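Listed below are the residues making up each chain.
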Amino acid sequence: MTQVATIVTQRELAAERAHRFSTDWRRWLQLGLAAIWVFDGLLQYQTFMFTKGFAQMFIGVHGGGNPGWVSDSIHWAWTIVETNPLLYNAGFATLQLALGLAIAWRRSLKAALVVSIIWSLLVWWFAEDLGGLLSGGANALSGAPGAVLLYAVLAVLLWPTPHEGDRLFVAARPIGTIAAKIVWLVLWLGLAALNLLPANLTPNAVHDTVAGMGDGQPAWVTALVDGFANLTAHHGAAYSIAGAIIMALVGLGMLLPARWTRITVIAALIVSAFIWVVGQALGAVVGGQSTDVNSGPLLALIALAYWPSTPNTHETPTEKPA
Amino acid sequence: MIGPTWLAAILGIIMIAAAISAIARVIIAARTHTATDYEVDGHNVLMGIAMAGMLIPGLLIVTAGASTVAWIVVWVIVTVWFAISVIRDAVRHPGDRFTGHHLPHLVMSGAMVYMLAAPGMGDSSMSGSMPGMSAMGAGSSLPLPTLDYAFVIFMIGYAVLVIDRLPKIAIVGSGDVAVFGHLGSAAGTRILAPRGAALTNIVMAITMGYMLTMMFV
Numbered sequence: 001m002t003q004v005a006t007i008v009t010q011r012e013l014a015a016e017r018a019h020r021f022s023t024d025w026r027r028w029l030q031l032g033l034a035a036i037w038v039f040d041g042l043l044q045y046q047t048f049m050f051t052k053g054f055a056q057m058f059i060g061v062h063g064g065g066n067p068g069w070v071s072d073s074i075h076w077a078w079t080i081v082e083t084n085p086l087l088y089n090a091g092f093a094t095l096q097l098a099l100g101l102a103i104a105w106r107r108s109l110k111a112a113l114v115v116s117i118i119w120s121l122l123v124w125w126f127a128e129d130l131g132g133l134l135s136g137g138a139n140a141l142s143g144a145p146g147a148v149l150l151y152a153v154l155a156v157l158l159w160p161t162p163h164e165g166d167r168l169f170v171a172a173r174p175i176g177t178i179a180a181k182i183v184w185l186v187l188w189l190g191l192a193a194l195n196l197l198p199a200n201l202t203p204n205a206v207h208d209t210v211a212g213m214g215d216g217q218p219a220w221v222t223a224l225v226d227g228f229a230n231l232t233a234h235h236g237a238a239y240s241i242a243g244a245i246i247m248a249l250v251g252l253g254m255l256l257p258a259r260w261t262r263i264t265v266i267a268a269l270i271v272s273a274f275i276w277v278v279g280q281a282l283g284a285v286v287g288g289q290s291t292d293v294n295s296g297p298l299l300a301l302i303a304l305a306y307w308p309s310t311p312n313t314h315e316t317p318t319e320k321p322a
Numbered sequence: 323m324i325g326p327t328w329l330a331a332i333l334g335i336i337m338i339a340a341a342i343s344a345i346a347r348v349i350i351a352a353r354t355h356t357a358t359d360y361e362v363d364g365h366n367v368l369m370g371i372a373m374a375g376m377l378i379p380g381l382l383i384v385t386a387g388a389s390t391v392a393w394i395v396v397w398v399i400v401t402v403w404f405a406i407s408v409i410r411d412a413v414r415h416p417g418d419r420f421t422g423h424h425l426p427h428l429v430m431s432g433a434m435v436y437m438l439a440a441p442g443m444g445d446s447s448m449s450g451s452m453p454g455m456s457a458m459g460a461g462s463s464l465p466l467p468t469l470d471y472a473f474v475i476f477m478i479g480y481a482v483l484v485i486d487r488l489p490k491i492a493i494v495g496s497g498d499v500a501v502f503g504h505l506g507s508a509a510g511t512r513i514l515a516p517r518g519a520a521l522t523n524i525v526m527a528i529t530m531g532y533m534l535t536m537m538f539v
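Chains as they are written, first to last, in the numbering used here: chain E, 1 to 322; chain V, 323 to 539.
To be clear, the hints were calculated from the coordinates, so they are not data collected in a lab. These figures come from a predicted structure and were not determined experimentally. Keep in mind that a hint or two might mislead.
[Unchecked claim] Computed far set for chain E versus chain V, every beta-carbon distance over 10 angstroms:
id, residue
1, 42
2, 75
3, 201
4, 300
[Stated by the list, open to error] Pairwise CB distance ranges, derived in the manner of DEER restraints:
id, chain 1, residue 1, chain 2, residue 2, range
5, E, 162, V, 391, 24 to 34 angstroms
6, E, 190, V, 391, 47 to 57 angstroms
7, E, 80, V, 332, 43 to 53 angstroms
[To be verified] If we take Cβ atoms under 8 angstroms as the criterion, some of the chain E residues that face chain V in the derived model are:
id, residue
8, 95
9, 98
10, 286
The beta carbon of each residue, even a glycine, is placed where N, CA and C say it ideally should be.
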């Protein structure tokens with residue numbers, strides 16, 4: 001009888017300890033970020049990335065249109081990577097894979113998020129040309145403000161903090177509700193403003209951004225991208241302005257009363273999905289020359305961090321070493 | 323198989339090690355009368371050998387022609403086996419949205435069929451077409467890129483989830499069953515080295531994700 005009671009107690013204790021590692025909404029989003037980093041790491045291991053063509057395509061071509069000190073620094077990075085692309089790319093790929101795995105492992109979560117922020121900013125500068133923000137032609141469809149910058153934003157918004165039940169959504173926990181809403185506003189109003197840059201108001205601005213993105217991708221993706229490109233040909237200004245209005249509404253939606261937050265987030269998810277599928281061809285990963293999944297999934301993850309959530313009193317974001 | 327030869331060789335060796343560890347689990351479990359998931363262990367043995375063969379054509383495990391066809395037959399059988407397991411789990415535990423832990427292994431088996439059947443993947447004769455690189459694999463003839471994409475996302479998602487649940491797996495002691503929350507008949511039964519079993523699954527999933535990603539070319 002005593003033995004049975006002991007076994008039952010042990011099982012209950014095990015169940016309780018296991019429950020400590022249940023997954024709350026923020027943890028799901030962290031795992032989403034981890035998965036994207038792992039995917040980036042795997043893409044970085046593709047054959048092309050180990051050639052000099054990688055340095056040329058992803059670093060060497062950048063810099064144009066930027067201030068001299070920016071383009072000089074990008075050129076400097078290119079000359080370094082080009083000397084030994086195999087070695088450098090092996091490091092890049094392994095680091096990104098390790099970042100994903102480390103975010104997924106609870107004990108290393110915080111360290112991984114810190115490193116991911118540093119790495120994201122370096123890549124944003126040297127390989128993403130600061131998202132094209134300084135060169136005048138960036139827009140949401142082309143991946144502005146730079147997909148990798150969004151990794152850093154997510155790392156901050158998903159930073160593990162003690163539970164605070166009064167926070168409306170996950171993104172507010174580490175930086176507070178007001179700061180989180182400012183991040184949202186800057187992101188979406190910034191994307192809207194980019195659409196209104198002169199370069200994005202030319203008759204073929206939208207067409208030229210997406211045309212060809214779908215080449216070599218799954219047939220249904222190619223059809224959607226090509227269809228959108230044809231639709232927007234010669235009507236670039238109208239579509240850019242419409243896109244700016246939609247993104248501005250998404251941004252301003254976060255200022256509405258809390259009951260509108262879900263609708264705002266859903267709208268952001270729809271816009272993110274549209275950008276990712278029609279504008280970015282699912283990251284154009286088929287073809288062996290893509291280093292990441294582009295900004296669509298990151299925008300969606302950020303939006304989900306603003307989804308109004310019911311507090312989970314059992315959450316344990318990080319495992320305490322025994 | 324495409325990708326740098328040295329990387330494929332490293333992953334191939336890791337796959338062989340994973341297969342050996344799965345064999346060791348079966349032997350140790352039988353000798354010590356400890357529980358283990360024989361289905362998953364057997365699956366990992368086969369997968370480790372087959373993937374090593376694809377990664378290192380020189381091993382002559384998966385080569386062109388009859389050998390590839392034989393492996394496809396093997397993996398179709400394994401896929402059907404796990405499909406039956408998933409259905410059996412669903413019938414026994416209605417309402418369980420993940421239908422136990424056999425689902426990932428079903429998907430992995432399906433991915434093996436896909437990789438072997440895709441043009442060039444099992445064909446070692448294409449090896450050496452590029453100095454310093456393995457053969458160009460599926461190339462532009464990738465038959466079902468959306469399915470390939472879906473497989474990659476699944477493998478990464480599965481690996482990430484298992485890593486996240488490693489502490490829980492260690493506590494519950496039931497391998498990757500704990501990943502999907504439903505213990506069923508495995509509740510209270512500690513399997514041999516649960517974290518080791520989970521790590522094998524993680525390594526398998528990431529390596530398969532890598533191979534599927536290399537097919538994007």
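Each hint tested on the structure:
no.	hint	verdict
1	42	violated, 4 angstroms
2	75	holds, 27 angstroms
3	201	holds, 34 angstroms
4	300	holds, 14 angstroms
5	E/162 to V/391: 24 to 34 angstroms	violated, 58 angstroms
6	E/190 to V/391: 47 to 57 angstroms	holds, 55 angstroms
7	E/80 to V/332: 43 to 53 angstroms	violated, 25 angstroms
8	95	violated, 15 angstroms
9	98	violated, 11 angstroms
10	286	holds, 5 angstroms
In this structure, the earlier hints numbered 1, 5, 7, 8, 9 are contradicted, and the remaining ones agree with it.
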